[in-house]
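Read off the chains here:
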Amino acid sequence: MENQSSEKQIILEVKNIYMEFPGVKALTDFSFNLYNGEVHALIGENGAGKSTFIKVLSGAKIPNSGEIIIGREKHNSLTPHQARRLGIQTVYQEDILVPSITAAENIFLGVESSNSKKAFINYKQIFTEAKELAKLIGIKLKVDEIYERLSPSDQQFVKILKALAQKPKVLILDEPTQAFNKNDIGLVIEMVKKISQEGVGVIYIAHDLEEIIEVADRVTVLRDGVKINTHDKKTDIFDPNSLAKEMIGRSVDLFYKKKESSVGDYVFEVQGLKLTPKSTPVSFKVREGEILGVAGLKGSGRSEIARAIFGALRKYEGKIFYKGKDITPNSPIQAVRSGIALLTESKKIDGLFMGQPVSHNITAVGLDNIGRFFLNLNKEKRYSGDFVKKLNIKTPSLEREVKFLSGGNQQKVVIAKWLFKGINVLIVDEPTHGIDVNAKTEVYELFTELAASGKSIIMISSEMPELISLSDRIIVVRNFEISRELLKDEINEENILSGFMGGK
Amino acid sequence: MLNNKKDNLSDKELVSGSRKLGFLNNQISYLILVIVIIAVVASVINPNFLTLRNFLNVMQQISILGILTMCMSLLMISGGLDISIGNMAGLIAIIFARMLLAGISIFLGVIVALALGIFLGFINGVIIAKSKVTPLIITLGMSYVFLGIALIVGGGRPQTITGQFSFLGEAKIGGVVPVSIVIFFVIFLFAFFLRKYTKYGRRLNAIGGNSQAAFLSGINVDWHVISIYTLSGLIVGFTSLILVSRLGMVRADSGSDYALQALAAAIIGGITFEGGRGSLVGAFFGVVLLGFIYNAMNIIGVNSYVQTIVLGAIIVVATVISQLGVGRLRR
Ligand SMILES: Nc1ncnc2c1ncn2[C@@H]1O[C@H](COP(=O)(O)OP(=O)(O)OP(=O)(O)O)[C@@H](O)[C@H]1O
Ligand SMILES: [Mg+2]
Chain A
0 MENQSSEKQI ILEVKNIYME FPGVKALTDF SFNLYNGEVH ALIGENGAGK
50 STFIKVLSGA KIPNSGEIII GREKHNSLTP HQARRLGIQT VYQEDILVPS
100 ITAAENIFLG VESSNSKKAF INYKQIFTEA KELAKLIGIK LKVDEIYERL
150 SPSDQQFVKI LKALAQKPKV LILDEPTQAF NKNDIGLVIE MVKKISQEGV
200 GVIYIAHDLE EIIEVADRVT VLRDGVKINT HDKKTDIFDP NSLAKEMIGR
250 SVDLFYKKKE SSVGDYVFEV QGLKLTPKST PVSFKVREGE ILGVAGLKGS
300 GRSEIARAIF GALRKYEGKI FYKGKDITPN SPIQAVRSGI ALLTESKKID
350 GLFMGQPVSH NITAVGLDNI GRFFLNLNKE KRYSGDFVKK LNIKTPSLER
400 EVKFLSGGNQ QKVVIAKWLF KGINVLIVDE PTHGIDVNAK TEVYELFTEL
450 AASGKSIIMI SSEMPELISL SDRIIVVRNF EISRELLKDE INEENILSGF
500 MGGK
Chain B
0 MLNNKKDNLS DKELVSGSRK LGFLNNQISY LILVIVIIAV VASVINPNFL
50 TLRNFLNVMQ QISILGILTM CMSLLMISGG LDISIGNMAG LIAIIFARML
100 LAGISIFLGV IVALALGIFL GFINGVIIAK SKVTPLIITL GMSYVFLGIA
150 LIVGGGRPQT ITGQFSFLGE AKIGGVVPVS IVIFFVIFLF AFFLRKYTKY
200 GRRLNAIGGN SQAAFLSGIN VDWHVISIYT LSGLIVGFTS LILVSRLGMV
250 RADSGSDYAL QALAAAIIGG ITFEGGRGSL VGAFFGVVLL GFIYNAMNII
300 GVNSYVQTIV LGAIIVVATV ISQLGVGRLR R
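Order-wise, the sequence lines are chains A and B. Sequence positions in the first sequence follow numbering that gives the first Met the number 0 and run 0 to 503. Sequence positions in the second sequence follow numbering that gives the first Met the number 0 and run 0 to 330.
Source of the hints: derived by calculation from the structure; they are not laboratory data. No residue lacks a Cβ here, since even glycine has one placed at the ideal position from N, Cα and C. Just so you know, not all the hints are guaranteed correct.
Covered, in the sense of this in silico footprint (three residues per stretch, anywhere, with C-beta under 8 Å from a C-beta of chain A), are these stretches of chain B [what the hints assert, rightly or not]:
#1 144-155
#2 202-210
The calculated DSBU-like cross-link candidates involving lysine-lysine, where the alpha carbons are at most 30 Å apart (straight line), are [said to hold, decoys possible]:
#3 A/Lys388 x B/Lys131
#4 B/Lys129 x A/Lys193
#5 B/Lys129 x A/Lys378
#6 B/Lys131 x A/Lys402
#7 A/Lys378 x B/Lys131
#8 A/Lys273 x A/Lys24
#9 A/Lys318 x B/Lys195
#10 B/Lys171 x A/Lys402
#11 B/Lys129 x A/Lys273
#12 A/Lys380 x B/Lys131
#13 A/Lys347 x B/Lys129
#14 A/Lys347 x B/Lys171
#15 A/Lys380 x B/Lys171
#16 A/Lys402 x B/Lys195
#17 B/Lys198 x A/Lys388
#18 B/Lys129 x A/Lys389
#19 B/Lys131 x A/Lys273
#20 A/Lys168 x B/Lys198
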């Protein structure tokens, strides 16, 4: 923007917003402004009110009081239609586009243009337009590919392009890089910077402070619905430690240092696992009390292998042993019975009963702990209450339906569910996606504790710091096979990356 | 207030918290309110309405529907539905009547009826669990199958067994309280406890809420689905005995209307198609409300065609209201 002659103008201003849900003050006296051409990041713990604020801007929620000023217009609340008319476009993490049509069609679905008046789609035209749009922000995208066949990051680009096609003044991105690996995060950051250089004001939410620091011109910190501070790159040096401190209210160690504990003998073994007749067999062992990291790029087959081990995905052949006993599960029922747990990547679809109380969710797998046939509801309350406290799950009550919790707190509920069951082998797939720095440390501590108590943990992760600081050993998966194994003293970023590429 | 307190909440807050929010509890109080209003209005028009006799009369009339509503509710809570329970009851009733007419002992007849209920429910459950086709379609089809078989078994004629088997439908405990009401209450309590206080019920709830997550939580989804349809079949078998006993004469379509009415009662009571939600207490009051409306219309003298329209309208209104309620909370 430095080369832009025009001065920065405030394009969006929000004053004294209050927003209350039953039992929760999600936003208190929150004020915020946005310049054109800037990336303004919003950070805060899980449940701090970030998504709520965004929903107020996109017209999905009506605040109790406050003012929203855009251009010359002043509103107390917006409808989704007004928000769009005023040039506010929002990309939610959970947005779903039409899977079976091309990227380009998705991008221009519902866009007002000369094209939309006609009954037939001019494919050539929309492909060209989509390509131009993509080029403008510096990304390469197969615009004529069917949406569901695109990689997760490309799908994310399509969502963003779809928002851009509406020519917004304000673009809101709620955790756009969740579930991305480093490479892709870099691409998103570059793209966002380009977009802001075009004069669009971007509001950006993410939990990774490195990422925030790289992308943002200004950072606003939210804590418990209250604005703590706004930092400007021009006058402030962004420092992850002090940002984290503002978010949480006390200083935290951003680099988790695992307490070393002794590792026992091999107890869990995957032997010759093949998903299809043609795939190379996967074999590995895990020790008692060990955390085995599983690295690999998206689409490398890590999640599928995990599902197959758990019996949730049909395998062609292969055996699973625990303490020398063949426990090869054909279904999750058998897996759970033998003490294996799987925390999948998409917690909302695979892990939660959204319409049901927090307590029921926590006890869902471990019902045996609260009764033989009849349930002991008092015990349930006590135990689930313990977990809520232990994992610091923010909820006004145990009876609150999980769907009203913030994303990160939902995540913690899933973890609590398995911990309550009590398990021997815990397989986790991207365990800390969407959870804040503080909660991450809490989860790491839990894992370390579990390992120290003799459980084995298999941790699939795309986050280098997490893999490096937690793993006792790492296997790198590439193309559905193990391309490399790294012992404790070989674990570093370079070696992991070379494993991605297939280097030995 | 709550908000600025950093470290979560005290135990008491955690547990009691926002119980007020429970839409269900609201729904139940609404139902009771509507029931009271109807009772007051009807008794003003006709003083006979608010007598113990009439009250017991209403309860006896709705007992069969009430029991079937409990079946429907348990199924809906676990994400299912069974449109065939009405004709299933009719089919079993016809077979039972034929057996009595053929001189088979009541004891054996009852055993066969219950076994048949278990069997037919099991069939429904297996097809639904294994095919993963929506239960609405499967049970709609099965409903016609049952009706057809009932027509064949009965030769298309009513089966009259007046006087041979009247205990369940006619007998009154202490000469006052009809047995069928007691049975309805027992089944209601059974369903209520099953849902709320057993692991089995909790798992049904989980399956209804998110069957994918239930599967990945190691819950045997198929087994639960099959077993709840089977249990429902057993209860339907029992209900068909009450039906025979009450009517003294059964036709193939004697049970036909019950399925949709049970569905309506469940929805009025706050059970949703979504699964995993609603309470059996609500469903109970849903049935009572339906019964009161019918009875009030009868006592006031509303024509029976109009009664049908009213039933339909109630279903639509109740569904819309419950949908709006859910929607409001979402926003
Ligand atoms: N519809 C709702 N009903 C009741 N409470 C809600 C609702 N939506 C959000 N909340 C509550 O408001 C608070 C703020 O939630 P919000 O989703 O804005 O958090 P967030 O900062 O986006 O967190 P995360 O990083 O976990 O996504 C939370 O305590 C949440 O439980
Ligand atoms: Mg959020």
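Comparing the hints with the structure gives:
Three residues within the 8 Å Cβ limit are the bar, and the region 144-155 of chain B against chain A gives 0, so the coverage statement is violated. Interface restraint, the region 202-210 of chain B with chain A: holds (5 residues with C-beta to C-beta distance below 8 Å; minimum three). At most 30 Å may separate the alpha-carbon atoms for a hinted pair to count; A/Lys388 and B/Lys131 exceed this at roughly 39 Å. Our distance criterion of 30 Å between C-alpha atoms is broken by B/Lys129 and A/Lys193, whose separation comes to about 52 Å.
Taken as a hint, the B/Lys129 and A/Lys378 pair is broken in the structure, with Cα atoms around 35 Å apart against an allowance of 30 Å. Distance hint between B/Lys131 and A/Lys402 is fulfilled; the C-alpha atoms sit about 26 Å from each other, no more than 30 Å. Between A/Lys378 and B/Lys131 the alpha-carbon distance is near 35 Å, which puts this suggested pair outside the 30 Å criterion. Of the pairs offered as hints, the one joining A/Lys273 and A/Lys24 is violated, with about 51 Å between alpha carbons and a cut-off of 30 Å exceeded.
At roughly 39 Å between alpha-carbon atoms, A/Lys318 and B/Lys195 are farther apart than 30 Å, so this suggested pair is violated. For the proposed pair B/Lys171 and A/Lys402, the alpha carbon gap of about 48 Å is over 30 Å, so the pair is violated. At roughly 26 Å between alpha-carbon atoms, B/Lys129 and A/Lys273 fall within 30 Å of each other, so this suggested pair holds. A threshold of 30 Å between alpha carbons decides the hint, and for A/Lys380 with B/Lys131 the separation of about 34 Å lies outside it, so the pair is violated.
Under the criterion of a C-alpha separation no larger than 30 Å, the hint pairing A/Lys347 with B/Lys129 is consistent with the structure, at around 25 Å. Distance restraint check for A/Lys347 and B/Lys171: the Cα-Cα separation of roughly 52 Å exceeds the 30 Å cut-off, and the hinted pair is therefore not satisfied. For the hint pairing A/Lys380 with B/Lys171, the CA-to-CA distance comes to about 43 Å; that exceeds 30 Å, so the pair is violated. The hinted pair formed by A/Lys402 and B/Lys195 meets the criterion: a straight-line CA distance of about 21 Å does not exceed 30 Å.
For the hint linking B/Lys198 to A/Lys388, the alpha-carbon distance of about 24 Å falls within 30 Å, and the restraint holds. Distance hint between B/Lys129 and A/Lys389 is unfulfilled; the C-alpha atoms sit about 40 Å from each other, more than 30 Å. The hinted pair formed by B/Lys131 and A/Lys273 meets the criterion: a straight-line CA distance of about 27 Å does not exceed 30 Å. Between A/Lys168 and B/Lys198 the alpha-carbon distance is near 53 Å, which puts this suggested pair outside the 30 Å criterion.
Hints 1, 3, 4, 5, 7, 8, 9, 10, 12, 14, 15, 18 and 20 from the list above are not met by this structure, while the remaining hints are.
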